[in-house]
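Visitor: Sequence lines, in order, name chains A and B. The first sequence: position 314 = 314 (the numbering used here), numbered continuously. The second sequence: position 41 = 41 (the numbering used here), numbered continuously.
Check before you lean on any hint, since a few could be wrong.
To be verified - Subject to a maximum C-alpha distance of 25 Å in a straight line, what follows is the list of computed DSS-like cross-link-like pairs (lysine-lysine):
1) Lys89/A with Lys113/B
2) Lys113/B with Lys152/A
3) Lys180/A with Lys242/B
Claimed, not checked - Derived DEER-like restraints, expressed as beta-carbon distance ranges:
4) Asp324/A with Asp80/B: 43 to 49 Å
5) Thr226/B with His325/A: 31 to 37 Å
6) Asn115/B with Gln58/A: 44 to 50 Å
7) Asp80/B with Gly256/A: 23 to 29 Å
8) Leu29/B with Arg131/A: 56 to 62 Å
9) Gly42/B with Lys205/A: 35 to 41 Å
10) His325/A with Gln141/B: 34 to 40 Å
11) Thr299/A with Asp80/B: 38 to 44 Å
12) Gln34/B with Lys112/A: 43 to 49 Å
13) Met1/A with Asn115/B: 27 to 33 Å
14) Phe58/B with Gln191/A: 30 to 36 Å
Because the hints were derived from the structure by calculation, they are not lab data. As the structure is a computational prediction, the values presented were derived from the model and not from experiment. The beta carbon of each residue, even a glycine, is placed where N, CA and C say it ideally should be.
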Amino acid sequence: MVTSSEEAAQVAAEIGGAVVVKSQILASKRGKGGGIKFASVPEEAREAAVSILAMTVQGHKVGKLLVEEKIQIDKELYLAITVDGSAKKPVIIASSQGGVNIEDVPDEHIVKSYVDITVGVYPYLGREIARRIGLTGKPAADYAKLLPLLYKCFKGKDAELVEINPLVISRDNLIAVDSKFTVDDDALYRQRDVPYVEDRTSIEKQAHDLGLAFVELGGNIAVMANGAGMSMGSLDTLVHYGGSPANFLDAGGGTGTEGTAKALELLLQTNPRVIFINIFGGITRCDDVANALIQVKKTREISVPVIIRLVGTNEEEGVKILNDHGIQAYKVMQDAAAKTVEIANGG
Amino acid sequence: MAIIIDEKNRLIVQGITGNQGRFHTTQMLAYGTQVVGGVSPGKGGMEVDGIPVYDTVFAAVEAQNANASVLFIPAPFAKDAAFEAISAGIKVLVIVTEHIPVHDEMEIVDYAKRNGTTVVGPNTFGIVSSGKCKIGIPPNQFFIEGPIGVVARSGTLTYEIVGNLTANRMGQSTVVGLGGDRVVGLSFVDVLEKFERDPQTKAVVLVGEIGGNAEEMASLFIKDMTKPVVAYIAGKSAPPGKRMGHAGAIIERGKGTFNAKVEALQVAGAKIAALPFEVPGLLREVMG
Numbered sequence: 001m002v003t004s005s006e007e008a009a010q011v012a013a014e015i016g017g018a019v020v021v022k023s024q025i026l027a028s029k030r031g032k033g034g035g036i037k038f039a040s041v042p043e044e045a046r047e048a049a050v051s052i053l054a055m056t057v058q059g060h061k062v063g064k065l066l067v068e069e070k071i072q073i074d075k076e077l078y079l080a081i082t083v084d085g086s087a088k089k090p091v092i093i094a095s096s097q098g099g100v101n102i103e104d105v106p107d108e109h110i111v112k113s114y115v116d117i118t119v120g121v122y123p124y125l126g127r128e129i130a131r132r133i134g135l136t137g138k139p140a141a142d143y144a145k146l147l148p149l150l151y152k153c154f155k156g157k158d159a160e161l162v163e164i165n166p167l168v169i170s171r172d173n174l175i176a177v178d179s180k181f182t183v184d185d186d187a188l189y190r191q192r193d194v195p196y197v198e199d200r201t202s203i204e205k206q207a208h209d210l211g212l213a214f215v216e217l218g219g220n221i222a223v224m225a226n227g228a229g230m231s232m233g234s235l236d237t238l239v240h241y242g243g244s245p246a247n248f249l250d251a252g253g254g255t256g257t258e259g260t261a262k263a264l265e266l267l268l269q270t271n272p273r274v275i276f277i278n279i280f281g282g283i284t285r286c287d288d289v290a291n292a293l294i295q296v297k298k299t300r301e302i303s304v305p306v307i308i309r310l311v312g313t314n315e316e317e318g319v320k321i322l323n324d325h326g327i328q329a330y331k332v333m334q335d336a337a338a339k340t341v342e343i344a345n346g347g
Numbered sequence: 001m002a003i004i005i006d007e008k009n010r011l012i013v014q015g016i017t018g019n020q021g022r023f024h025t026t027q028m029l030a031y032g033t034q035v036v037g038g039v040s041p042g043k044g045g046m047e048v049d050g051i052p053v054y055d056t057v058f059a060a061v062e063a064q065n066a067n068a069s070v071l072f073i074p075a076p077f078a079k080d081a082a083f084e085a086i087s088a089g090i091k092v093l094v095i096v097t098e099h100i101p102v103h104d105e106m107e108i109v110d111y112a113k114r115n116g117t118t119v120v121g122p123n124t125f126g127i128v129s130s131g132k133c134k135i136g137i138p139p140n141q142f143f144i145e146g147p148i149g150v151v152a153r154s155g156t157l158t159y160e161i162v163g164n165l166t167a168n169r170m171g172q173s174t175v176v177g178l179g180g181d182r183v184v185g186l187s188f189v190d191v192l193e194k195f196e197r198d199p200q201t202k203a204v205v206l207v208g209e210i211g212g213n214a215e216e217m218a219s220l221f222i223k224d225m226t227k228p229v230v231a232y233i234a235g236k237s238a239p240p241g242k243r244m245g246h247a248g249a250i251i252e253r254g255k256g257t258f259n260a261k262v263e264a265l266q267v268a269g270a271k272i273a274a275l276p277f278e279v280p281g282l283l284r285e286v287m288g
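Given the sequences, and given the hints that come with them, work out the whole structure.
Guide: Following this line, the structure appears as structure tokens:
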């Protein structure tokens with residue numbers, strides 16, 4: 001791995017032959033974006049590195065390059081293990097047509113095999129899948145060794161996806177030329193050795209650190225709701241009335257006063273014209289939300305209007321707290337949403 | 001009737017001495033659920049709200065003949081607790097806990113299936129057979145008995161819709177929260193099959209969301225149902241590639257879009273509500 005064109009040339013000289021210079025970014029389709037170039041001598045590797053380091057590939061600024069030996073490609077395969085939500089099991093996806101987007105490969109060239117998790121993956125499964133994608137000889141034998149190892153990595157590292165694409169056959173050897181590896185966020189507490197690579201915006205990261213799900217949407221209505229479905233429903237309702245939401249924010253279940261107050265602070269950072277709070281309390285208690293709003297109002301000036309709809313668990317207590325501080329709460333979501341949009345659109 | 005749970009269920013609460021466990025035990029008792037025990041390792045012999053606490057699920061099952069359990073257990077310990085409930089013979093297991101690693105969820109669902117345990121969740125508000133039994137966290141006052149079956153992926157959105165039903169004096173047979181995670185115990189089809197057979201249920205409300213293919217799979221079953229279905233799909237305004245809170249709620253590689261789901265459901269004969277509050281009106285239309 002290198003970060004400059006000089007290093008790239010040096011590594012190419014050490015390899016001493018044709019090399020490939022690859023951008024290292026968190027996205028696929030690098031080749032199509034011009035992020036992979038071949039070079040036959042070190043000077044060409046330097047030029048390739050200069051040009052790739054100046055690029056933005058698939059929306060990502062290139063900071064690192066991998067320089068490695070250019071291999072002979074006899075065949076490109078695809079191999080991945082991921083979680084199938086409807087089968088509720090891991091699924092192995094294999095194809096004899098790799099190197100391209102797997103969505104573009106016709107179904108008849110894809111072999112899918114569900115994993116019985118009480119048994120796991122043994123070499124026999126690798127031999128069988130190898131047979132079905134038409135491998136023979138040494139590559140087939142290597143494939144049978146590879147598959148259990150890949151599953152061990154998938155399970156052991158709490159992965160949502162392990163993907164080798166392309167898995168290349170080069171002079172009878174199997175070589176993983178490119179791969180993708182996604183670890184379950186919810187398992188990071190027990191996967192501390194997995195390096196975390198940030199791909200969130202700064203405000204999305206702050207929200208994540210607070211345990212909130214947050215997505216920037218770019219409009220002028222800051223939105224806070226509890227529960228992912230309710231948050232989406234709130235956005236849909238605002239858009240229906242002609243509004244433009246600034247964000248998706250699921251304040252989560254049972255967040256409590258402190259967490260809710262922090263969520264509100266976050267919303268203020270998006271400089272909205274109006275804040276829309278939509279709470280239907282189940283595990284979330286309306287009095288906690290009301291207290292949070294009062295707390296934030298006390299500690300800092302909220303210069304934009306806040307429209308709040310508050311029903312559910314401890315609704316009476318919550319509404320009373322708001323009323324005691326001169327804030328009216330809405331009971332019906334569409335009334336609150338319509339009022340919010342009216343304010344946002346300059347009403 | 002109603003589905004999955006009724007007034008005969010004897011419930012234990014795993015994690016009863018925690019904040020959420022304690023609060024919702026009180027709420028479930030107030031709703032009329034037969035909460036017969038709690039489990040909290042090391043705290044056996046205590047009482048919460050008059051309910052006896054046991055050290056293990058086996059002890060609670062032996063003493064109280066419990067057949068259902070609800071988990072208020074932090075994610076890192078949820079798999080252990082779920083395995084314990086399943087091996088102790090619990091038949092209905094409701095897992096409220098969110099952020100359980102997906103590999104643990106696959107193991108829980110797999111073990112439950114092999115032992116004949118119905119898993120509701122993880123990451124669910126629970127299940128309510130209105131007027132009979134509530135297992136989980138929804139606010140009590142909105143759930144009244146009646147002919148509408150409700151099945152949903154999302155919690156608060158379900159309260160919104162059930163609240164609208166109740167405000168229109170449309171009671172519910174059973175309201176089932178499948179859970180917001182990618183791997184959960186029940187699918188839409190599992191629940192729709194039960195509603196189709198349940199004499200109390202006259203019409204079904206399906207509350208879905210963008211991402212995955214659960215709604216598309218459901219539409220294949222809805223096509224052959226005799227009972228009318230009204231559906232609301234959340235996430236019409238969500239941009240592709242952004243995960244909207246739930247693990248599954250993301251439009252990836254052009255799959256799981258709002259339009260694809262709505263079209264599949266419409267072709268199958270379901271009525272689509274554009275916004276949550278349109279559901280009661282559509283039900284009135286389809287029920288005649």
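Visitor: Now look at each hint and say whether the structure bears it out.
Guide: Here is how each hint holds up against the structure:
A hinted pair counts as satisfied when its Cα atoms are at most 25 Å apart, and Lys89/A with Lys113/B qualifies at roughly 12 Å. Between the alpha carbons of Lys113/B and Lys152/A the distance comes to roughly 24 Å, so the proposed pair stays at or under 25 Å and holds. Distance restraint check for Lys180/A and Lys242/B: the Cα-Cα separation of roughly 19 Å lies within the 25 Å cut-off, and the hinted pair is therefore satisfied. A C-beta distance of roughly 45 Å is found between Asp324/A and Asp80/B, which places it inside the suggested range of 43 to 49 Å.
Separation of Thr226/B from His325/A is about 53 Å and departs from the stated range, judged on CB atoms against 31 to 37 Å. Roughly 46 Å separates the CB atoms of Asn115/B and Gln58/A, a value that falls within the hinted 44 to 50 Å. Taking 23 to 29 Å as the suggested C-beta distance range, the pair Asp80/B and Gly256/A conforms, at roughly 26 Å. In this structure the supplied range 56 to 62 Å holds for Leu29/B paired with Arg131/A, their Cβ-Cβ distance being about 59 Å.
Checked against the hint of 35 to 41 Å, the pair Gly42/B and Lys205/A passes, with Cβ atoms roughly 38 Å apart. The hinted range of 34 to 40 Å is not satisfied by His325/A and Gln141/B, whose Cβ atoms lie roughly 25 Å apart. A beta carbon spacing of about 41 Å between Thr299/A and Asp80/B agrees with the range 38 to 44 Å that was offered as a hint. Gln34/B and Lys112/A have their C-beta atoms about 44 Å apart, which keeps the hinted 43 to 49 Å range intact.
A hinted range of 27 to 33 Å for the beta carbons of Met1/A and Asn115/B is inconsistent with their spacing of about 48 Å. A hinted range of 30 to 36 Å for the beta carbons of Phe58/B and Gln191/A is consistent with their spacing of about 32 Å.
In this structure, the hints that do not hold are numbers 5, 10 and 13, in rising order.
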